[in-house]
Structures are given as structure tokens and as C-alpha cells.
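Enquirer: This is what each chain is made of:
Number of protein chains: 2
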Amino acid sequence: MQDTTYAYQQLLDFTIQIFKKIGCPDKDAATAAEVLLAADLRGVDSHGVARLTGYVRLWEAGRVNATPQIKVIHETPSTAVVDGDSGLGLVVAPYAMELAIEKARQVGTGWVSVQHSNHYGIAAAHAMKALKHDMIGISMTNASPLVAPTFSTSKMLGTNPICVAAPAGNEPAFVADLATTTAANGKLEILQRKNEAAPVGWVQDAAGQDSTDAGILKKGGALLPLGGDREHGSHKGYALGAVVDIFSALLSGANYAPWVPPFPAYVPMPQRQPGKGIGHFFGALRVDAFRTVAEYKRDMDDWISGFRNADTIEGKDRVLIPGDPEREMEAERRVAGIPLLPVVAADLQALGAKLGVVF
Amino acid sequence: MQDTTYAYQQLLDFTIQIFKKIGCPDKDAATAAEVLLAADLRGVDSHGVARLTGYVRLWEAGRVNATPQIKVIHETPSTAVVDGDSGLGLVVAPYAMELAIEKARQVGTGWVSVQHSNHYGIAAAHAMKALKHDMIGISMTNASPLVAPTFSTSKMLGTNPICVAAPAGNEPAFVADLATTTAANGKLEILQRKNEAAPVGWVQDAAGQDSTDAGILKKGGALLPLGGDREHGSHKGYALGAVVDIFSALLSGANYAPWVPPFPAYVPMPQRQPGKGIGHFFGALRVDAFRTVAEYKRDMDDWISGFRNADTIEGKDRVLIPGDPEREMEAERRVAGIPLLPVVAADLQALGAKLGVVF
Numbered sequence: 001m002q003d004t005t006y007a008y009q010q011l012l013d014f015t016i017q018i019f020k021k022i023g024c025p026d027k028d029a030a031t032a033a034e035v036l037l038a039a040d041l042r043g044v045d046s047h048g049v050a051r052l053t054g055y056v057r058l059w060e061a062g063r064v065n066a067t068p069q070i071k072v073i074h075e076t077p078s079t080a081v082v083d084g085d086s087g088l089g090l091v092v093a094p095y096a097m098e099l100a101i102e103k104a105r106q107v108g109t110g111w112v113s114v115q116h117s118n119h120y121g122i123a124a125a126h127a128m129k130a131l132k133h134d135m136i137g138i139s140m141t142n143a144s145p146l147v148a149p150t151f152s153t154s155k156m157l158g159t160n161p162i163c164v165a166a167p168a169g170n171e172p173a174f175v176a177d178l179a180t181t182t183a184a185n186g187k188l189e190i191l192q193r194k195n196e197a198a199p200v201g202w203v204q205d206a207a208g209q210d211s212t213d214a215g216i217l218k219k220g221g222a223l224l225p226l227g228g229d230r231e232h233g234s235h236k237g238y239a240l241g242a243v244v245d246i247f248s249a250l251l252s253g254a255n256y257a258p259w260v261p262p263f264p265a266y267v268p269m270p271q272r273q274p275g276k277g278i279g280h281f282f283g284a285l286r287v288d289a290f291r292t293v294a295e296y297k298r299d300m301d302d303w304i305s306g307f308r309n310a311d312t313i314e315g316k317d318r319v320l321i322p323g324d325p326e327r328e329m330e331a332e333r334r335v336a337g338i339p340l341l342p343v344v345a346a347d348l349q350a351l352g353a354k355l356g357v358v359f
Numbered sequence: 001m002q003d004t005t006y007a008y009q010q011l012l013d014f015t016i017q018i019f020k021k022i023g024c025p026d027k028d029a030a031t032a033a034e035v036l037l038a039a040d041l042r043g044v045d046s047h048g049v050a051r052l053t054g055y056v057r058l059w060e061a062g063r064v065n066a067t068p069q070i071k072v073i074h075e076t077p078s079t080a081v082v083d084g085d086s087g088l089g090l091v092v093a094p095y096a097m098e099l100a101i102e103k104a105r106q107v108g109t110g111w112v113s114v115q116h117s118n119h120y121g122i123a124a125a126h127a128m129k130a131l132k133h134d135m136i137g138i139s140m141t142n143a144s145p146l147v148a149p150t151f152s153t154s155k156m157l158g159t160n161p162i163c164v165a166a167p168a169g170n171e172p173a174f175v176a177d178l179a180t181t182t183a184a185n186g187k188l189e190i191l192q193r194k195n196e197a198a199p200v201g202w203v204q205d206a207a208g209q210d211s212t213d214a215g216i217l218k219k220g221g222a223l224l225p226l227g228g229d230r231e232h233g234s235h236k237g238y239a240l241g242a243v244v245d246i247f248s249a250l251l252s253g254a255n256y257a258p259w260v261p262p263f264p265a266y267v268p269m270p271q272r273q274p275g276k277g278i279g280h281f282f283g284a285l286r287v288d289a290f291r292t293v294a295e296y297k298r299d300m301d302d303w304i305s306g307f308r309n310a311d312t313i314e315g316k317d318r319v320l321i322p323g324d325p326e327r328e329m330e331a332e333r334r335v336a337g338i339p340l341l342p343v344v345a346a347d348l349q350a351l352g353a354k355l356g357v358v359f
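Chains W and C, in that order, are what the protein sequence lines are. Residue numbering for the first sequence follows this note's numbering, starting at 1 and increasing by one per position. Residue numbering for the second sequence follows this note's numbering, starting at 1 and increasing by one per position.
Looking at chain W on its own, in the form it has when it is part of the complex (with noise of 0.2 angstroms):
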């Protein structure tokens, strides 16, 4: 069967109008709707309206509350730590995201770690809410743990995402998204749909051995950090989805390492909880807190403009700029609108019928 195209409108709307049935204020169901769709946009099929059914599921089961008291639990001129309330991770993110670009307003930065929320989405939708502020704008979150760090077989990290968006002048905004592994599940998830194998270096079995199968999570096996393997630097990307992951939760008191909660909601949560939910983290930079506005510009555009022009291997037709395809994408689908695999579209369907709402 084909992919079937449809609206982004169109989709906005549904998801709007589900998350209003499982009882969100408009608002939030209007704010999580739009975070949610962001990745669709983008082309992070994995993480958008595919996975509607999924929160709708985490709140049948009772682990997302859809009207929570979201608060500041302690704070400082440049920080503050947000209680989520077990409410939708895209809905609790972009409330912190404001916070802290609340912050660099009026003291140059503001750093917001997270406790007791839940799958944010896309690392970006919430980064990006700092360009038209002439912010740079940072977000991570942790997530269950997939990862196995150098030298293990335990999953014991999530693949703990980081993106930092910088604005430019002219050219397009500098946007780096990017999960803490070699390569994101979504991907495997699609090579095990296409029955293909993985390259190696992306997972381990369960012994920690090179696979190449794309169904080795399910066996015991492990995503593997950035780089791969120790020669190639795999305790960097471990290190590296170790900060997310320190930032997240040690900061804000949320669960972290192999005890953050799971997103499938058949999943049982883990039996330990050192704390609350999942964790998340965002920064927000004000440019002028450094240097005026219009010489950071002139310099990011020149940047991009040197990277964008750089010479480019036989074969390949140019070399991108952190963001490039996302938005390329974006444009495209806009328009065009979005495609959804077969299994997906009937998936909201039922959902829409189950909730009465038409897809």
C-alpha cells in the first residue's frame, strides 16, 4: 500500500481535537497539537503524529495527567526547576522553554531543568522557540533507556537528544538536533519495517557484540553511543548522552539512568523510581547578553555562507548547514502535505473512532 498525503491543517486539527477529548485545556491541547506536528514537519516521522496513539495510551493508563499544575518548585535570577505534574511532556516543555527565555530577558540567560514530565517531541520545537527572540535556544531531555555506555551490555541511557538553535541574518538559522547515538531507534524502527539489516555499528547483542540486526533491542541487544565502538569514540557519546541525562534529572530531581519511565505504555515502569518522571533541560542565550545583535549576524551569515560553500566530495552535491534538511523538508510539506505509512493513517483512525473524533 502506498502512503497517503494529507494536510498539515488537517492533522493539526485532529490532534488538536484528541488531546481536547482525553480532557486538555484548549490551549494546551492547541500547544501540544503543535509540538507534536513540528516533527512530521521536519521529517522526524518517528516522533510525531505516529505516536499520538502512544500518549493517548500513557493516559488511559494513568501516567499523563491532562490538566496539571505545572509549577516552579525553586528558582534563581538565571534558573529555576519545573515541577511537570505527570502532564504531557509537550505541553510541560514549552512552559519551561518560556521560563527560561523569560530569564535571558532579564538577566542574559536562563537555564530551566525539568522534573516529573513526560516524551517532549522534538528536541528543536522547543530550541527554536529562541530565534525570534535573538536567543540561542538549547533543549535535551533524557529518555528509557536504550543505550549501552562503552564497555556494557546494560541499557542504561536513553538516546538523550541535544539540539541548540543559533539565529542568523539573511541565511536560515544554524539548527543541530541531534540523538546521543550512533543512530536514532526511529531508524531502526523503519529498517525493521523494510526487513533490512542495520550497519554495523549502530546496535549490539546482547553479549555486546556487533549485529546487524534491527530487531536486536528486542533480544537483549543495545543501541549504540556516537561513535560506535571505543576506537572510534564511543565514550564520547556516551559522555555525551550522560551530560543530557545529568542535566535533565540530576539537576531537577526526575528519574534518570535505566529508570526512566518507558514510553509504550505496556511497558511496566521500572521498579525502582529515584524520582519523578521523565527530565528535561533548556537554555535559552540572549545574543546581545554577549555582542549586538547585528555583528553576531553579519558573522553567523558569513559562517553558514563559508560552510555552505566549502568544497565537496566526488559525488556529493554540497555540504549541508546543521538544519538544512529539516527545513527543506518543512517547505516541502507544507505544501505538499504530509505522508503517512498505511499503518499509521488506520492506526488514528481507530483512534478517531474510539474517541469521536473523524480522522
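Copies of the same chain look alike in the list, so a pair counts if it fits in one copy or across any two.
Calculated cross-link-like contacts (lysine-lysine; reagent style DSSO-like; alpha-carbon spacing at most 27 angstroms): (1) K316 with K194; (2) K297 with K276; (3) K194 with K218; (4) K316 with K218; (5) K71 with K297; (6) K219 with K316; (7) K276 with K20; (8) K132 with K71; (9) K218 with K187; (10) K71 with K20.
Hints are computed from structural coordinates only; laboratory data are not their basis.
Place chain C on chain W using the hints.
Expert: Below, chain C without anything else, positioned relative to chain W:
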């Protein structure tokens, strides 16, 4: 010839004397020597006293100012930009890191971007300054271009390291210090000296193809970003190196991308200089700006022991915490001394003879 081992104090005293001879004030000479020798203690031999002659050559070439007027040229409560006045990075960086710590004391976090500096030794020497204040320390720097972005044959970025140092309670601190490349340049130099091949994934040749020639950088080749190739996430290593450049130079007004001044004094300065000197970036986050130090340390100890006790792959002794190997090396070398290659010892002897300092 065998390596000869020297007591830390002996090398420190010698280095202080050398820095004094080139005109550094007593306090600066001591600071610079301590930062430089931190590399030797931690086992990063490529960045330690072996580079002392290189620093002196930069001074001889008029590219290092031994008596800089380091000053803050812009600031907000949580940020500052420092002009290093072409001083030794070994002196400018500690000034900037202390400023970040002071700002964190005031408003929770401090963030300092630096222009007009020179090479600053190992990133960890600066970030770790935050630990004794119960703060998380961050340190990064750009460097002269050796790294090709994904799909490019042009050397556009330095090895641009990032260090994050996070305090713990009873456990030793977490210290991740990583070049954003598959392998640091120092490791290539070691292979060259031994006339050994580099693993595939460390470097590419002038055409951008796989190479195992450890000397390929002299033949138009380049280091590869962490990840190695696109399939294994090199676009992520490239993005991380770019983030370091943006924070260190675009926020400060230092030189960026391929225009960062080279360390070897015999390499001519880039013809174009869009900024001033080399750029660094420092951050300090007060733990108690987020939650109580006691709660954080309890969880951090639990986090660390969780990783330390993770299951190991057969044949591997243990799972390491970032910073473990360097801390153990330091403990050993403080007692047993620091081994220097004969060529390094001869170089220091000649340097001492030239400047009238007994080695």
C-alpha cells in the same frame, strides 16, 4: 631510547621559570604552568609540557602577549565577553572561568565567551575549577582547522573540545572532556611517531576518501568529525564542533571556522581574519540554583555507582565513568612522576639552554 620520568614539581618549576623568562608576571607564570601541566598529570601528553616550546615560539613570533591587559568588554548579570589581549590562553582562560564562577555565585549561572586569546591547554583544567564550589563547569574552545564537515574535503573546524565537569558526593566528580572528532590529533601524532596506520574512520584523504595514513593531514587530508561517516553520525560530530565554534567565537568576536590562528608558529596566519585571536567559552552552574546540594550529590553518587556496576562485555574489566582514566593517571603520576619521550626532554633541555633555565 627509553622515556625518562620527571617529578611533577620539577616540570612545574621549570615551566614557571620559562614563562617568567618570556616576561609573564609571577602569578601568570604560575597559573599558566599549572594549567599546562594538568595535561601531563591527566595523561593528555599531547597538550602538556611537550607544547611549551610551541608557546614560546608563538611569543617569539609576536603572536602571544606576555603581559596582556585582560578585560571584560561587555556583560550582563549572567554573561560576559572577555578580551584576552592576545595573552596566553593558559592565563586568559582561568580569568574567564573565575568570572563565570563569580557570576554563578550571584545569579545562579555564569557564561563567558572569550575573544583574542590563544590555545588554552586541556578543556578539563578550566571546567574542573567549578567543582570545589559545588558547581557544574563547562569549557570549550575553537582551534585551527583540521576537520572536514560531512561531505566536504575542506578543513573547516578545529578539534573543538567540550568539557563538562559535574561534582558528586562520595564518588569522584564526573569529568567528560572530548574532542568533537573521532580521535584527537594527538593520537594521530603518536601513530605517526610509531609509523603505524590509523583505523578507518579517523581521517580522510585529500579527495575525501577513507584513509589509514596517520600522516594524511600533511597531504591535504582531514580529521573526521565524531561518527566518522554520514552513516555512523558524522553530521552529529560536525554539528557539535560547529556549536563549539559558535559559542566560542560567534558570541565573542574571535576568529572562526577555517580562519582560527594555527598553533605552530611556523604556519602562517590565515590571510583573512574575521575576528580576533582564538575563542573560548566557559560556563558555571551552581547546583543549589536548581536543588539542594545534598539531594543532588546523593543522586549523583547513585548514578555513578549504577554505571560502575553495570554489566560488562566479556573481556572488559569494568564500565568507566567519564574522568576515571584521567583521575587514575593523575594519582599515579603525582607519585611516580611524568614520563617524557626523549625527543620532548631534549626539546625542553634546548629551550632551557636558550632562555637560561636549568632543566
